[in-house]
Amino acid sequence: MQEDGAKLSYQALTAYCRRHGIGHEPKQPAGQYPHQPGKEMQHDTSPHPAHIGGREQKVQIAGLALAYSRLAYIQLYPCFTRFECKIFLDDALDYVGGACKTCMVDNTSVIVLRGTGAEMVPAPEMAAFAEHRGFEFVAHEKGDANRSAVVEVLFNYVQKNFLVGREFRDFEHANKEAVIWCDKANAKFSRKLHASRRELFAAEKFCLKPLPAWRPDVYRLHQRMVDLEGYAHVHAYRYELPSRMIGRRVEVRETRSHLLFFDGPRQVAMHKRRYSGQGRVRLPESERTERKQRRRVQALLEERQLIDALPELAGYIVELRKRAPRGRSVARLRTIRRMLRDYPRAAFERALADAAHYGLYDLERVERMVLKNVDRDYFPRIGFRDDNNGSQR
Numbered sequence: 177m178q179e180d181g182a183k184l185s186y187q188a189l190t191a192y193c194r195r196h197g198i199g200h201e202p203k204q205p206a207g208q209y210p211h212q213p214g215k216e217m218q219h220d221t222s223p224h225p226a227h228i229g230g231r232e233q234k235v236q237i238a239g240l241a242l243a244y245s246r247l248a249y250i251q252l253y254p255c256f257t258r259f260e261c262k263i264f265l266d267d268a269l270d271y272v273g274g275a276c277k278t279c280m281v282d283n284t285s286v287i288v289l290r291g292t293g294a295e296m297v298p299a300p301e302m303a304a305f306a307e308h309r310g311f312e313f314v315a316h317e318k319g320d321a322n323r324s325a326v327v328e329v330l331f332n333y334v335q336k337n338f339l340v341g342r343e344f345r346d347f348e349h350a351n352k353e354a355v356i357w358c359d360k361a362n363a364k365f366s367r368k369l370h371a372s373r374r375e376l377f378a379a380e381k382f383c384l385k386p387l388p389a390w391r392p393d394v395y396r397l398h399q400r401m402v403d404l405e406g407y408a409h410v411h412a413y414r415y416e417l418p419s420r421m422i423g424r425r426v427e428v429r430e431t432r433s434h435l436l437f438f439d440g441p442r443q444v445a446m447h448k449r450r451y452s453g454q455g456r457v458r459l460p461e462s463e464r465t466e467r468k469q470r471r472r473v474q475a476l477l478e479e480r481q482l483i484d485a486l487p488e489l490a491g492y493i494v495e496l497r498k499r500a501p502r503g504r505s506v507a508r509l510r511t512i513r514r515m516l517r518d519y520p521r522a523a524f525e526r527a528l529a530d531a532a533h534y535g536l537y538d539l540e541r542v543e544r545m546v547l548k549n550v551d552r553d554y555f556p557r558i559g560f561r562d563d564n565n566g567s568q569r
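When you line the sequence shown up against the working numbering, it's residues 177 to 569, in that order.
Check the hints yourself; a few may be wrong.
Taking CB as the label site, the calculated pair distances span [as the list claims (entries may be wrong)]:
id, residue 1, residue 2, range
1, Q335, I422, 41 to 51 Å
2, I422, A303, 32 to 42 Å
3, P441, K318, 28 to 38 Å
4, E540, A485, 45 to 55 Å
5, K318, A371, 45 to 55 Å
Simulated pairs of lysine to aspartate or glutamate, EDC-like, Cα-Cα distance not exceeding 16 Å [as the list claims (entries may be wrong)]:
id, residue 1, residue 2
6, K277, D320
7, K360, D346
8, K381, E301
9, K385, E307
10, K262, D320
11, K498, D538
12, K234, D346
13, K262, E301
14, K262, E295
15, K385, D403
16, K548, E525
17, K385, D320
18, K203, D346
19, K385, D266
20, K318, E295
21, K262, E430
22, K234, E343
23, K498, E478
24, K448, E461
25, K448, D320
In short, the hints are calculated from the structure, not lab data. All C-beta atoms in this analysis are idealised placements derived from N, C-alpha and C, irrespective of residue type, glycine included.
Can you build the whole structure from these sequences, using the hints too?
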C-alpha cells in the first residue's frame, strides 16, 4: 500500500487488520460454566505480602473453594510444595467434611507432573493421595483461566479483606485467624449468590463423598547425620538431639507442626517446626539443665563476693544459700548485698551476727533487726518521758 502511495499510520493499519481478521483471531464469547452440587472443587495458590512476625513478607496463600456453593477455605504458608499441598488439602477436606468428585487445578500447580489440560498427568504421590480420599485431579485447558474463576475470585477477596490491617505473630496464629475469617465469610450473605455460602453448602454437603475412616498421617522423610555438636540440620535450622546420637544417622519425619527424629524404630527427640527465629533449637531438657547450671554459677559468684565483703559471717552466708528455696538463692544473696549497701555497716553486721547466733534466715525479720539497730544508733531516746508512769527513758 505504501508502494502505491498510500500513507497510513501504524494504528490505522492494525485496526484495518483486526476488522478483516488478518493475523488476528476474533474473540469468542466466554460462556458459562454450570456447576452441579458435589461435582467439582477448585484449588490454587497465590503469593501475597502479609505482616507475620513483626515484618512484611511474601507468603503463599492456598485456597480451596467448592464450585457450587463457593464454600471457601484458606491457609498461609512460607512456601508451597507437594508436602504442604497434601497438608492443606487434608485440612480443607476436614473443614468441608467430604470431597467432590474432581479437584480443578492450574497447569502450573505443584500437583502436575507433565502435560496440560485434559492431558495433564498428576504426580504419582498426589494421584495416590487423591485416590485414597475419593477424588481426582483435573486441569483446565491452557489459556482458559476463567475455568477456575471460583478460586481466583477467592484470592481477590482475601487480598482486599482478610490481609488488610491484620498482623500475625507467626504462621500458626495466621492460620487460626484464617479459619475464623473463613467461618465469617462463608456465613455472610452474598448478593451475587442470593444466599450465603453456608446456606448453599447445606444442600451440597449430601452430595459430597465421605472421607475414609482412617487416613495415613502426612509427613516428609529426611535422612540426616548428627554433627559433632549434637545437632541435625533441617531447612536451615539446627535441631538438638541427645548427645549419644552424635555421629549417627537419623531419620527425620517432618509433620505439619513437628519434627520427629528416629534412630531405627525408636523415637529419640521431637521438636516443633521452626519458620523464623534463632537457627539453633535446643532440647527442653538441655535448656532446663543449662538454666540450672547458670543459676548455680551465678549463686556461687554472689556468695563469693559477699564472703569477701563479710569474711566474719561466711558461715551464715553459705548456710543462707543452701537453705534458699529452689531458684531463689541468687535473690536472697542479692537481698543481703542490698542491705549491706543501703544500711550502716555496724548496724547491719550486728543484726546479721544475731541472726547467725539464733539460726534466723528470714530476711524480712533480719531487715527489721537492722532497722532497730539503726534506730538505736542514730535516734536515741534521750529525755523522753512516759506519760503513763512519769518515768524517763
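Could you see if the CB distance from K318 to A371 stays within 45 to 55 Å?
violated, 34 Å
Satisfaction of hint between D346 and K360, Cα-Cα up to 16 Å
violated, 21 Å
Sort out whether D346 lies within 16 Å of K234, counting only the CA atoms.
Judged against 16 Å, a Cα distance of about 13 Å means the pair holds.
Agreement of K262 and E301 with the hint, judged by alpha carbon distance not exceeding 16 Å:
holds, 10 Å
Verify the proposed pairing of K318 with E295, using a straight-line Cα cut of 16 Å.
Distance ~11 Å between K318 and E295 Cα, so the pair holds.
I422 paired with A303, Cβ distance criterion 32 to 42 Å:
Check passed, 41 Å falls within 32 to 42 Å.
Verify the proposed pairing of K448 with D320, using a straight-line Cα cut of 16 Å.
violated, 41 Å
Is the straight-line distance between the alpha-carbon of K498 and that of D538 16 Å or less?
holds, 13 Å
Between the beta carbons of P441 and K318, is the distance compatible with 28 to 38 Å?
violated, 47 Å
Holds or violated: K498 to E478, with C-alpha atoms at most 16 Å apart
It holds: about 13 Å lies between the C-alpha atoms, which stays within 16 Å.
Would the pair K277 and D320 pass a check requiring their Cα atoms to be no farther apart than 16 Å?
Status violated; Cα separation ~21 Å.
Next pair to validate is K385 with D403; report whether the Cα-Cα distance is within 16 Å.
Given pair K385, D403 is violated - Cα atoms ~48 Å apart, limit 16 Å.
When held up to the earlier numbered hints, the structure conflicts with 3, 4, 5, 6, 7, 8, 10, 14, 15, 17, 18 and 25 and fits the remainder.
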